[in-house]
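Q: These are the residues of each chain, in order.
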Amino acid sequence: MIWGFHMSFGLRGAFAAAVMLFVAGCASKPAIPFDASQAGQIKTIGILTPGTPEGPRAILATTVGQSFGLIGAMIDAGMQESRESDLKAMLNGQNYDASATYIADLKSTLEARGYKVVDVPVSRTDQTDFKKSYFEVSAPGVDAYLDTAYHYGYISAGVIGSAPYRPFVYLGCRLVKASDGAVLMEDRIFYNALNNPKGVVTLPPDPAYAFPDFADLTSDPKKAAAGIDVAFKASTGAIGQLIQ
Amino acid sequence: MRERVRLSLMSLIVLGAALGGCAKREPVMPILALPQAKECAAKVNVSNPTPLAFDPEDAKAIDMNISEGASCYLHPDGSKSLYGVVALPEPGYAYILTVESYPQGSSIFSPRLLLLDANGKLTREYDRKHFMFRGGVLAGHLRVHPGERYLIVGTDAKSVGTDEQRITGMTHQNTSSGVTTSGVYYAMTLNTASESVQNLTYSYGGKVKIVSQAMPAKK
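Going line by line, the protein sequences match chains X and H. Residue numbering for the first sequence follows numbering that gives the first Met the number 0, starting at 0 and increasing by one per position. Residue numbering for the second sequence follows numbering that gives the first Met the number 0, starting at 0 and increasing by one per position.
Next up, chain X with everything else stripped away, as it sits in the complex (with noise of 0.2 Å):
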């Protein structure tokens, strides 16, 4: 594990305690610049098949379960778990194709920055990680492959207190060189991160799209996937901006 996602989510009842030691691990661990004396050497990126998960999370970061040891963590995995299936179902119900909004986000903001732009498959052991060799992927043409991996959906700081449940996208980005597999950039990117964590690079959510409560966000299903929306255009508009 590299960005420490899988664990991040994995732990749902301690989502704080656990990002914590994800923005303890993005410390410690420095962004890789583009090397933009490469730039003129990259002119075709292959993005691999995102890792992707399965769904829109929906995370409430404190909560009063929390005060109350391993029965109160049970209370909030159930919990979780039912707002996440709700969110599920209410995108479906808007045809929402998160990976599909995110890959043709993707591409337009390379496109954008003059990149040729092809679909490279490939699978992948761990869906929150990066890959962990590049040996195995070819595909002609390519002279560098982009690796990402993102978590997505609605998270609130915490019921007590004045903090809404607006839209978050948390994604990992390396760039590497298809001939030997060289990194020519790697960060992160956090659309809505808390606590302002050190070392990521943290994109401001929009204010347009904030739900006072859960029961707010349910109600409005249309703005709640244009918000995912949003918030997808600006982190892959981020990632275009890394490698320029």
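None of these hints come from the bench; they were simulated from the model. Where a beta carbon is used, it is the ideal one built from N, C-alpha and C, also for glycine. Don't take every hint at face value.
As the list claims (entries may be wrong) - Label pairs and their in silico Cβ distance ranges: (1) X:Pro139 with H:Ala52: 42 to 48 Å; (2) H:Ile61 with X:Ile70: 49 to 55 Å; (3) H:Met187 with X:Gly54: 30 to 36 Å; (4) X:Asp118 with H:Gly104: 45 to 51 Å; (5) X:Thr43 with H:Tyr101: 34 to 40 Å; (6) H:Lys37 with X:Pro139: 53 to 59 Å; (7) H:Gly77 with X:Ala35: 23 to 29 Å; (8) H:Thr174 with X:Thr124: 35 to 41 Å; (9) H:Asn198 with X:Asp228: 23 to 29 Å; (10) X:Ser84 with H:Ile166: 25 to 31 Å; (11) X:Ala88 with H:Pro145: 54 to 60 Å; (12) X:Ser107 with H:Pro75: 30 to 36 Å.
Following the hints, put chain H in place on chain X, whose structure we already have.
A: Just chain H now, with coordinates in the frame of chain X:
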């Protein structure tokens, strides 16, 4: 006796007020325009750079304050730019350079970077669009190559005066503990949340940190 107590109380009040006055900080206002009389040279002057060290094991950093009194140059596009000069380390191989612009109140320095070789010739230029927020700071990362000798940290005048709003969700953990009258130890944690909204205006000047660090080792 009563008079003495009254005088002591008065002294305490005066002292308290004075300390309060000292503690109160003046808000930092963004520099939105430079004085007409500010002289700006056509070329940057690299004769008195601040040296930046390099250590392959540890990040090395220097702080820089770009103030209204800083040197100024006239960019080819006609805009005026305050600037500071850094003498870059020369380890003989590429390394990562990070330039961070720190918010001060509602003001944040709008950076533009120039990289020059030993002869002062421009090798690369990055405007504010190259910078992205990382945590609470506006940061730009780049790889420096052998032969790049000076970094000019100047103002990106085009974006001075523009605003940026940043909303951030925050979580807080409050733990209280003690011993009950029956001698039982207890500890309780309460998790709470809030949101912070930060409105920033890009400025001609501000606080900057420049960091050099080695490329991460290959896995």
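Q: Against this structure, judge whether each hint is valid.
A: Tested hints:
For the pair proline 139 of chain X and alanine 52 of chain H, the supplied restraint of 42 to 48 Å holds, since their beta-carbon distance comes to about 45 Å. The beta-carbon spacing between isoleucine 61 of chain H and isoleucine 70 of chain X, approximately 52 Å, falls within the hinted interval of 49 to 55 Å. In this structure the hint that methionine 187 of chain H and glycine 54 of chain X lie 30 to 36 Å apart at CB holds, the actual value being about 35 Å. Between aspartate 118 of chain X and glycine 104 of chain H, the C-beta spacing of about 47 Å keeps the proposed range 45 to 51 Å intact.
In this structure the hint that threonine 43 of chain X and tyrosine 101 of chain H lie 34 to 40 Å apart at CB holds, the actual value being about 39 Å. Here the CB-CB span from lysine 37 of chain H to proline 139 of chain X is close to 57 Å, well matched to the stated 53 to 59 Å. Taking 23 to 29 Å as the suggested C-beta distance range, the pair glycine 77 of chain H and alanine 35 of chain X conforms, at roughly 26 Å. At about 39 Å, the CB distance of threonine 174 of chain H to threonine 124 of chain X agrees with the hint of 35 to 41 Å.
At roughly 25 Å, the beta carbons of asparagine 198 of chain H and aspartate 228 of chain X sit within the given window of 23 to 29 Å. For the pair serine 84 of chain X and isoleucine 166 of chain H, the beta carbons lie near 27 Å from each other, so the given range of 25 to 31 Å is met. Checking the proposed 54 to 60 Å range against alanine 88 of chain X and proline 145 of chain H shows it holds: the Cβ atoms sit about 57 Å from each other. Taking 30 to 36 Å as the suggested C-beta distance range, the pair serine 107 of chain X and proline 75 of chain H conforms, at roughly 32 Å.
Checked against the numbered hints listed earlier, the structure breaks none of them; every hint is satisfied.
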